[in-house]
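Undergrad: Sequence:
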Amino acid sequence: MKKFLYITLALAACNNAPENNGAELTPPSEWVKNATIYEVNVRQFSNEGTFDAFEKRLPKLKELGVDILWFMPIQPIGKVNRKAVGDTFVQDLENPDYDKYWGSPYSIADYTAVNPRYGSLEDFKRVVGKAHEMEMKVILDWVGNHTAWDNSWVSNHPEWYTVDSSGNITDPIGEDGKSWGWTDVADLNYDNKEMRTEMIKSMQFWIEECDIDGLRCDVAMEVPTDFWNEASSSLNKVKPIFMLAESEAHKPDQFDSAFDAYYGWEMHHVFNKLYKGEVATNEVERVMKTKDSIIGTKAFPMNMITNHDENSWNGTIEERLGESWKAMALLSYTLRGMPLIYNGQEAGLNHRLSFFAKDSINWNAPKANEYFEFYKELNKLKEEPAFATNSSISFDNEKENKDLLIINRGSNNEYKTVINLSKNEWRVLGHDVGIANGYTQVLLDNLSNEGMLGSWGYIVLKKEDN
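Residue numbers (this note's numbering): 2 to 467.
Keep in mind the hints are simulated off the structure, nothing from the lab.
Each residue gets a CB set at the ideal place from its N, CA and C atoms; glycine is no exception.
Among the hints, erroneous ones may be present.
[Claimed, not checked] Restraint ranges, calculated between C-beta atoms of paired labels, are given here:
| id | residue 1 | residue 2 | range |
| --- | --- | --- | --- |
| 1 | 377 | 167 | 51 to 61 Å |
| 2 | 234 | 367 | 41 to 51 Å |
| 3 | 466 | 299 | 25 to 35 Å |
[As the list claims (entries may be wrong)] Pairs of lysine-lysine, DSSO-like flavour, derived with a Cα cap of 30 Å:
| id | residue 1 | residue 2 |
| --- | --- | --- |
| 4 | 377 | 126 |
| 5 | 238 | 34 |
| 6 | 57 | 101 |
| 7 | 63 | 290 |
| 8 | 368 | 274 |
| 9 | 359 | 34 |
| 10 | 274 | 252 |
| 11 | 179 | 274 |
| 12 | 126 | 101 |
| 13 | 463 | 61 |
| 14 | 57 | 383 |
| 15 | 277 | 403 |
| 16 | 464 | 383 |
| 17 | 383 | 63 |
| 18 | 359 | 101 |
| 19 | 61 | 381 |
| 20 | 377 | 463 |
| 21 | 34 | 252 |
| 22 | 424 | 383 |
| 23 | 34 | 464 |
| 24 | 131 | 57 |
| 25 | 299 | 463 |
| 26 | 368 | 383 |
| 27 | 383 | 327 |
| 28 | 240 | 131 |
| 29 | 368 | 131 |
| 30 | 327 | 274 |
| 31 | 383 | 277 |
| 32 | 252 | 383 |
| 33 | 179 | 131 |
| 34 | 194 | 252 |
| 35 | 63 | 327 |
| 36 | 238 | 194 |
| 37 | 277 | 424 |
Produce the complete structure using the sequences and hints provided.
TA: Structure (structure tokens):
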């Protein structure tokens, strides 16, 4: 059934230790506001799973338009209680195979060392240096909530860990007293000041030694805010850094001074639900405004249609978003915030990468180049001032139609995005009027010559210069 809508488009409102040589370093607030962040899973990025193999693709990432490289943990992984499949430890297999099962990268055996499977510290320094030469920033995943069971801290400083009523070190336990299921790691005790001091020293190591530009902090809401404040203050004395929290509105005070950005988990789940028809289009605006009312402009969301957790545990983009993937990807770019690309996403990754075992991405998958060009276009769009994290955003609510989402970006509505978030077909006659009134088409998908916007189709319009 065809539906009709008239849209009025009104013109309205490494050996790379940091050195500044007396010059002011650019604060993160400047280099993140129009940035696209790219998540690197070194293990799965290539058949080799090394820094060297990743380095070879840096020019391609530069061409893609990536601004920030986020490396998942690169430290050595613990062997004790290393997971193989589900909750099974490698050590409990009939034939334990540690070469096959690399374990969770979030089980850190040594905070200031590099996983030898990936290469050496010098190799990582070289990658950071090359990235900087290409004007890309580098941030490192930081796992501050827990360590591997065979981290030297466990034997040398057992008082640095959470213990149960019997005095035994525990894995992370929820407020309900039940285990999270992360039995391959030991929970840290942030009541211990010595541990806090050593943790910050370990964080400083990577900035001083490798000149990284920031940290993505794992399960940040489970670590006390006062620690993050202290850590952020200490690290920023070395160089201005970008701090991304794997947290949302759990602890709003974390964004007073510690963190610059947060995970847009709730919005991500809205994307999944929109495709399933479980929520209405206006849920996008509601979630954004709710987060803004709690966090305000102190921090901005990282918007995403996938990441390492979602891919491994909940399904590929195709599994979760089907034919709506382009519309949802565009939405992650046009909303306020910073869009994320998970490695392989730009090649049409349609495979759940293993979380505990070695796996790899098929960079020559069918239509890989088509995916690459699509995200390249989105990254170019993100560079426009109107799509900065601090740029104005508003929504045109269409009472006659619950399927179309219309987003205005920029202080004077420089860009207008119309997305059909449904399987229905809509006549968008107003798009011709909009062009006549000073808008031109920038991007479009599934829009017919007759002005029919097909299922999950979209059009991005730019106001012409006066």
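Undergrad: What hints, given by number in increasing order, does this structure fail?
TA: Going through the list in order, the structure violates hints 7, 9 and 33 and respects the others.
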